[in-house]
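First residue of the sequence shown? That's 65 in our numbering, and the numbers climb one at a time after it.
These aren't lab readings, by the way, just hints derived from the structure by calculation.
Please read all numbers here as calculations on a predicted model, not as lab measurements.
Virtual Cβ for every residue (Gly too), placed ideally from N, Cα, C.
It is possible that part of the hints are untrue.
Unchecked claim - Now the in silico label distances, taken between C-beta atoms and shown as ranges:
#	residue 1	residue 2	range
1	Pro-282	Gly-323	44 to 54 Å
2	Arg-123	Arg-463	39 to 49 Å
3	Leu-275	Gln-307	45 to 55 Å
4	Val-322	Thr-274	46 to 56 Å
5	Gln-220	Arg-375	37 to 47 Å
6	Asp-281	Glu-319	29 to 39 Å
7	Val-374	Arg-408	19 to 29 Å
8	Leu-275	Ala-142	29 to 39 Å
9	Pro-282	Trp-324	21 to 31 Å
10	Leu-275	Ala-412	14 to 24 Å
11	Glu-243	Gly-323	21 to 31 Å
12	Pro-436	Ser-171	43 to 53 Å
13	Leu-275	Ala-373	47 to 57 Å
14	Leu-254	Pro-282	44 to 54 Å
As the list claims (entries may be wrong) - List of simulated lysine to aspartate or glutamate pairs, DMTMM-like, C-alpha gap at most 20 Å:
#	residue 1	residue 2
15	Lys-434	Glu-363
16	Lys-219	Glu-192
17	Lys-434	Asp-461
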Amino acid sequence: MSSKPISDGITGPVLALILALVTPLRSVADEGDPPGRVARVNLLEGSGAMQAAGAGAWRTDLLNRPLTGGDKLMIDGASRAEVHVGSTAIRIAAQTSLQFLDLSNRSERLGLSSGSLNLRVRALDADETVEIDTPSVAVTVLAPGEYRIDVDSPKQVVTVGVIDGATEVTARTQGYQLEAQQQGSFVGDLALTVSFADLSAADALDTWATLRDAHDDPLYAADRAPREATGYEDLNDDYGTWQETTDFGPVWVPEVPVGWMPYQVGRWLWLAPWGWTWQDAAPWGFAPFHYGRWIAVGETWAWSPGDLAVRPVYAPALVAWINAHGRVGWIPLGAGEVYRVPYRASAAYVDALNAAATRNRDGSSVSNWKVPGAVAMLPVTVFRAGRFTSGHIAHFDTRGVEPRTATAAPPGPPSGGGASYERAKTNGVEPVQHPARPVPPGRQPPPEKPDTL
Numbered sequence: 065m066s067s068k069p070i071s072d073g074i075t076g077p078v079l080a081l082i083l084a085l086v087t088p089l090r091s092v093a094d095e096g097d098p099p100g101r102v103a104r105v106n107l108l109e110g111s112g113a114m115q116a117a118g119a120g121a122w123r124t125d126l127l128n129r130p131l132t133g134g135d136k137l138m139i140d141g142a143s144r145a146e147v148h149v150g151s152t153a154i155r156i157a158a159q160t161s162l163q164f165l166d167l168s169n170r171s172e173r174l175g176l177s178s179g180s181l182n183l184r185v186r187a188l189d190a191d192e193t194v195e196i197d198t199p200s201v202a203v204t205v206l207a208p209g210e211y212r213i214d215v216d217s218p219k220q221v222v223t224v225g226v227i228d229g230a231t232e233v234t235a236r237t238q239g240y241q242l243e244a245q246q247q248g249s250f251v252g253d254l255a256l257t258v259s260f261a262d263l264s265a266a267d268a269l270d271t272w273a274t275l276r277d278a279h280d281d282p283l284y285a286a287d288r289a290p291r292e293a294t295g296y297e298d299l300n301d302d303y304g305t306w307q308e309t310t311d312f313g314p315v316w317v318p319e320v321p322v323g324w325m326p327y328q329v330g331r332w333l334w335l336a337p338w339g340w341t342w343q344d345a346a347p348w349g350f351a352p353f354h355y356g357r358w359i360a361v362g363e364t365w366a367w368s369p370g371d372l373a374v375r376p377v378y379a380p381a382l383v384a385w386i387n388a389h390g391r392v393g394w395i396p397l398g399a400g401e402v403y404r405v406p407y408r409a410s411a412a413y414v415d416a417l418n419a420a421a422t423r424n425r426d427g428s429s430v431s432n433w434k435v436p437g438a439v440a441m442l443p444v445t446v447f448r449a450g451r452f453t454s455g456h457i458a459h460f461d462t463r464g465v466e467p468r469t470a471t472a473a474p475p476g477p478p479s480g481g482g483a484s485y486e487r488a489k490t491n492g493v494e495p496v497q498h499p500a501r502p503v504p505p506g507r508q509p510p511p512e513k514p515d516t517l
């Protein structure tokens, strides 16, 4: 990454460089808040593409791109992918079409049009719903565990298997409960033929899922960061080390080149409903840029997840914004510093998003301001175009200049629909052809022996 210091004659009085610790815009009703969690493709072996809700084009830049309600994901032939929503892992086989119908604070609803997925649910609160809708049945997860779902669209066959846990399968007017090591087959559309059997033997997708769990489980068991922080699974020994500190508790130190700075190797995308969103270029670059705070320790940067007892809330980028002389700038927030959202949100949402911050809660301190190179700047044209920052970043020389708090906002959305513009919607999302989940008159357990109803 090429970078150079600049000051352009900017001194204290001209620091109309406005440090944008933005005053939140509070909505009247909390239901208008952005979702508190997102999905993320953390591993893609082969090729795939996503289509944002309301957008016509399919995109292949999946690494560290947040996925939210209405977004579609297609995994090509001879490929496979792993997606995380918090601690939930979705392993997707080749030739699979998946849509995120709803990702909200307490609901995870997926639409599986065709193909296969292995679903690992590590935690499920009493008021939380995890559901997979298919063309003929809706599958509701009843307990943490591992589940297998296959949709053969040409043959109109949906197969639901419970490796571990329990699930309810709703077929229009009837519900069937499946327990561990049971499997149900649902054939047809309006008139379903339903049969039950013992779980089929593990195939290549299930075996791969087991290997992935063996890789991720030790990190989740260590309790170093909130498990529901999407992307946490990549903060392992492959990319960095965890260290214990007196002031901040556990922190993660990435293995990066000398001179590396957070929020400087990647690009900015405009994604509804949040607005400007950071997409990092590192394979581990999701959780540390959407949760927690960055701490400079000497010449080393460390990521602090904050209070582990607090349920994490996704943020597009935990930075303070700077504007000056045709450039857009930003600086990573330090430990405990309050993020003032530059998008519409309620007071309750803002409080929840900052709940893990415990120090400097008045928001007047920007501890990373004095770290050489921490303040990054881009030309407005580069920023708005969603280009990668490599070769374009400039650093503001903060020596002798004190920041001041202001209520300026980052730039508005790109005009005319640039490369980074997504016309995503959170309401009125066009669904895939999945039926709305019906309410069955009662739950029916499968028979002890295979049978046809």
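Status of each hint after checking the structure:
no.	hint	result
1	Pro-282 <-> Gly-323: 44 to 54 Å	violated, 31 Å
2	Arg-123 <-> Arg-463: 39 to 49 Å	holds, 41 Å
3	Leu-275 <-> Gln-307: 45 to 55 Å	violated, 28 Å
4	Val-322 <-> Thr-274: 46 to 56 Å	violated, 39 Å
5	Gln-220 <-> Arg-375: 37 to 47 Å	holds, 40 Å
6	Asp-281 <-> Glu-319: 29 to 39 Å	violated, 22 Å
7	Val-374 <-> Arg-408: 19 to 29 Å	holds, 23 Å
8	Leu-275 <-> Ala-142: 29 to 39 Å	violated, 18 Å
9	Pro-282 <-> Trp-324: 21 to 31 Å	holds, 26 Å
10	Leu-275 <-> Ala-412: 14 to 24 Å	violated, 41 Å
11	Glu-243 <-> Gly-323: 21 to 31 Å	violated, 55 Å
12	Pro-436 <-> Ser-171: 43 to 53 Å	holds, 45 Å
13	Leu-275 <-> Ala-373: 47 to 57 Å	violated, 31 Å
14	Leu-254 <-> Pro-282: 44 to 54 Å	holds, 47 Å
15	Lys-434 <-> Glu-363	holds, 12 Å
16	Lys-219 <-> Glu-192	violated, 33 Å
17	Lys-434 <-> Asp-461	holds, 9 Å
In summary, the structure is inconsistent with hints 1, 3, 4, 6, 8, 10, 11, 13, 16 from the numbered list given earlier, while agreeing with the others.
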